[in-house]
Amino acid sequence: MALDKFQIAQRIARELQDGFYVNLGIGIPTLVANYIPEGMEVVLQSENGLLGMGPFPEEGKEDADLINAGKQTITTLPGSAFFDSAMSFGMIRSGKINLTVLGAMEVSQDGDIANWKIPGKMVKGMGGAMDLVASAKNIIVAMMHTNPKGESKLLPECSLPLTGKRCVKKIVTELAVLEIKDGAFHLLERAPGVSVEEIKEKTAGKLTVEGQIPEMIF
Amino acid sequence: MALDKFQIAQRIARELQDGFYVNLGIGIPTLVANYIPEGMEVVLQSENGLLGMGPFPEEGKEDADLINAGKQTITTLPGSAFFDSAMSFGMIRSGKINLTVLGAMEVSQDGDIANWKIPGKMVKGMGGAMDLVASAKNIIVAMMHTNPKGESKLLPECSLPLTGKRCVKKIVTELAVLEIKDGAFHLLERAPGVSVEEIKEKTAGKLTVEGQIPEMIF
Amino acid sequence: MKKIFDNAEQALADIPDGSTIMLGGFGLCGIPENGIAALVKKGTKELTCISNNAGVDDFGIGLLLKQHQVKKMISSYVGENAEFERQLLSGELEVELIPQGTLATRCMAAGYGMPAIFTPAGVGTEVAEGKEVRNFNGKDYLLEYAFDADFALVKAWKGDTQGNLIFKDTARNFNPLMAMAAKITIAEVEELVPVGELDPNQVHTAGVYVQRIFEGKNYEKRIEQLTVRKK
Amino acid sequence: MKKIFDNAEQALADIPDGSTIMLGGFGLCGIPENGIAALVKKGTKELTCISNNAGVDDFGIGLLLKQHQVKKMISSYVGENAEFERQLLSGELEVELIPQGTLATRCMAAGYGMPAIFTPAGVGTEVAEGKEVRNFNGKDYLLEYAFDADFALVKAWKGDTQGNLIFKDTARNFNPLMAMAAKITIAEVEELVPVGELDPNQVHTAGVYVQRIFEGKNYEKRIEQLTVRKK
Chain A
1 MALDKFQIAQ RIARELQDGF YVNLGIGIPT LVANYIPEGM EVVLQSENGL
51 LGMGPFPEEG KEDADLINAG KQTITTLPGS AFFDSAMSFG MIRSGKINLT
101 VLGAMEVSQD GDIANWKIPG KMVKGMGGAM DLVASAKNII VAMMHTNPKG
151 ESKLLPECSL PLTGKRCVKK IVTELAVLEI KDGAFHLLER APGVSVEEIK
201 EKTAGKLTVE GQIPEMIF
Chain B
1 MALDKFQIAQ RIARELQDGF YVNLGIGIPT LVANYIPEGM EVVLQSENGL
51 LGMGPFPEEG KEDADLINAG KQTITTLPGS AFFDSAMSFG MIRSGKINLT
101 VLGAMEVSQD GDIANWKIPG KMVKGMGGAM DLVASAKNII VAMMHTNPKG
151 ESKLLPECSL PLTGKRCVKK IVTELAVLEI KDGAFHLLER APGVSVEEIK
201 EKTAGKLTVE GQIPEMIF
Chain C
1 MKKIFDNAEQ ALADIPDGST IMLGGFGLCG IPENGIAALV KKGTKELTCI
51 SNNAGVDDFG IGLLLKQHQV KKMISSYVGE NAEFERQLLS GELEVELIPQ
101 GTLATRCMAA GYGMPAIFTP AGVGTEVAEG KEVRNFNGKD YLLEYAFDAD
151 FALVKAWKGD TQGNLIFKDT ARNFNPLMAM AAKITIAEVE ELVPVGELDP
201 NQVHTAGVYV QRIFEGKNYE KRIEQLTVRK K
Chain D
1 MKKIFDNAEQ ALADIPDGST IMLGGFGLCG IPENGIAALV KKGTKELTCI
51 SNNAGVDDFG IGLLLKQHQV KKMISSYVGE NAEFERQLLS GELEVELIPQ
101 GTLATRCMAA GYGMPAIFTP AGVGTEVAEG KEVRNFNGKD YLLEYAFDAD
151 FALVKAWKGD TQGNLIFKDT ARNFNPLMAM AAKITIAEVE ELVPVGELDP
201 NQVHTAGVYV QRIFEGKNYE KRIEQLTVRK K
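These protein sequence lines are chains A, B, C and D, in that order. Residue numbers are given in our numbering: position 157 of the first sequence equals residue 157, and the series is strictly consecutive. Residue numbers are given in our numbering: position 181 of the second sequence equals residue 181, and the series is strictly consecutive. Residue numbers are given in our numbering: position 15 of the third sequence equals residue 15, and the series is strictly consecutive. Residue numbers are given in our numbering: position 33 of the fourth sequence equals residue 33, and the series is strictly consecutive.
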């Protein structure tokens, strides 16, 4: 059975390590924060200028001066620090953020990512996505394996305008966990009950399947 | 009569304007702070990370964490702000400091300045001088007209290794105030009782004397 | 040194049509509300605005857009604004989209007197078109130029009469960067305090960067995405 | 996340001979006294030290020089140290002198992930020899590269257990820049406080930049030039 968005987030959370500084994009990536293992210290960065992002505020305690990169009201945690946008992207560019998780419209077998622009549609802008993908040492994409039309989002080459080239290291979809290396998607894990055949069928780019592919356990 | 170092400082202080942010080098330039006209607001920058440098502390009130670029113990003033060294030189480079006053070993008629290195002698380093002279919009050099051997320090070309090229705008010596433009020293003022002849004699570089040269009044 | 102005109208009185203006804020957080209101009232036209976002239809820079005062927006993300979209599609409004980190760093570069910086953001994308690419240590970077802005409208939490500023929380964002970057920086603060009241170690923006300062009025501080949890 | 160490010896235990180390401070102000003492005790050799100054004969980096632990100094000003001068003239010590602002900005560049920066400092001087010169808007600039340091020893006033730092007065100087710049940053603080005690708006260096932190002991804080006025 394909994963739901919470399970995708849960699976990505298993990539976290104690002491990681992590930037979570809007959508499914944000949910990863809910699955940080007990006792593990992970510090969330919000690229508008905060390290140590806490949960949403209690009703009535929201503060317009305290928002995340998705413009949502949030809170701080003990140990938080604020800084300006240049320092925020400075720490991203210098590789101080251990893991970046973000969504995508397309990913290529070379690790190219497209997630900001659809020709012919109103373009809202790339925000911080281009900076993040160009700089992060470790990028995981959280996305559906196919688009609403059923077409694969794991492609030989992206058809949409790129956000960044050769940057995605890992993808977690509702069907599988895949690593990108040597110009191919390497299948690492299957969603419970999802067959390798189905994943093959829904992956348009080059897919490498080596040995037995374990099922994820939740 | 030639100016003493206090009068040189006093003369330079006449170049100050209300609201100026000023960086004063070590030696005579430091003395300029004593002659800021009453009622005029001038903010002193110390390039190790302070705007709003105050006078030396009272005996017993010195703080090792509060020094100027000459490593002397100092104080802050109401409105002071501390910052790191990159921001300090950032504001210097971006032209936010209205006036820089520093000493020199040689100045050329093109505005080149040499003040950091004598070949054959132990070289201590340029500190912030190269940054200051390369960036400041308005640089006044405070120095003696001649060196201890009696040789002119206002030269056609500097003989010592340069600190910066084409940057000095004005020179105040014990004998004269001179402006540098169009490849020449333009005599603006004489020290009381000092003749144009004496200044001519002690200026090795091209000297322009136009009309009557007024005497400085103290 | 007369930096203090009574209000936004006076502080912005001389901004001419055609100016390039930086506006601090991220979304609606930390935006110069009073400064924008004064620009709307004054009707200054043909503006080039450098701002991470473009406000919403009835708030922030959206108010300037509604009056057709903006010729060009330089931003990283401009969603959530129907009038913006209409003007963009009709060709009335020019838009230059640049990565958020590039936007921030181009501001910083101006403030630090660096004519250009290198960033990997946008390499291999359409953002790189026409730009110089240079490889350092095996990685490609784009050469991006420092901004050249006439005015910056920034908003701080507290400020003193010498122009020293302290920002609050994520309302800091682009404000200190733009304060450093423009030829003339106009700061509005929630609280204007006498000189000497701010701790020199806590000042985020030193007064040297601020040419004009005033205490803003009636901050609405609108929340764009209210997200809360139950008590 | 174990950043806290009991003392300098433990925090510096793995620094190998031949390392490139940044040391914060300006003159003797804000120097990592405990870190330097631990390096002396440990006897780490062949060090390349990046520091604005080189201490005095019997304090600061001078202590490392006396033990012949330094192979190369990268500094802007190295006066006031007879042993330094002796080693330099005898060829035992290599010295690279660079403008102070360039030093600071090359640290910042490393911390900001910028491989190189442009600065006008040194154009037309011997500092420019062998360097790329580029003209922007009619002014020449040198291309200067970001530093690549293995360790940074920085000294802060207060720090918390997550590595957030606050500096005091002009003891800030190069410390926050070097903290951002090195692969491993070791911070010593006068007071180590529990997480949550520092105001997030007042943190100068966010914990992300600090890999190790300890509370330093017995700070001498020597004054290089005592200048006072009569009461």
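Just so you know, the hints here were simulated from the structure itself, not pulled from any lab data. There's no promise every hint is true.
Capping the alpha-carbon separation at 27 Å, the derived lysine-lysine pairs in BS3-like fashion look like this [to be verified]:
{"no.": "1", "chain 1": "A", "residue 1": "K117", "chain 2": "C", "residue 2": "K131"}
{"no.": "2", "chain 1": "B", "residue 1": "K61", "chain 2": "D", "residue 2": "K168"}
{"no.": "3", "chain 1": "C", "residue 1": "K71", "chain 2": "A", "residue 2": "K124"}
{"no.": "4", "chain 1": "B", "residue 1": "K96", "chain 2": "D", "residue 2": "K168"}
{"no.": "5", "chain 1": "C", "residue 1": "K139", "chain 2": "A", "residue 2": "K61"}
{"no.": "6", "chain 1": "A", "residue 1": "K96", "chain 2": "D", "residue 2": "K158"}
{"no.": "7", "chain 1": "D", "residue 1": "K158", "chain 2": "C", "residue 2": "K168"}
{"no.": "8", "chain 1": "C", "residue 1": "K45", "chain 2": "C", "residue 2": "K131"}
{"no.": "9", "chain 1": "C", "residue 1": "K139", "chain 2": "A", "residue 2": "K117"}
{"no.": "10", "chain 1": "B", "residue 1": "K206", "chain 2": "D", "residue 2": "K139"}
Note that the coordinates shown come from a computational prediction; the quantities given were computed from them, not determined experimentally.
To see whether the hints hold, each was checked on the structure:
1. A/K117 with C/K131: holds, 20 Å
2. B/K61 with D/K168: holds, 16 Å
3. C/K71 with A/K124: holds, 18 Å
4. B/K96 with D/K168: holds, 24 Å
5. C/K139 with A/K61: violated, 45 Å
6. A/K96 with D/K158: holds, 22 Å
7. D/K158 with C/K168: Status holds; Cα separation ~21 Å.
8. C/K45 with C/K131: With a Cα-Cα distance of about 30 Å, the restraint between C/K45 and C/K131 is violated, given a limit of 27 Å.
9. C/K139 with A/K117: holds, 25 Å
10. B/K206 with D/K139: holds, 25 Å
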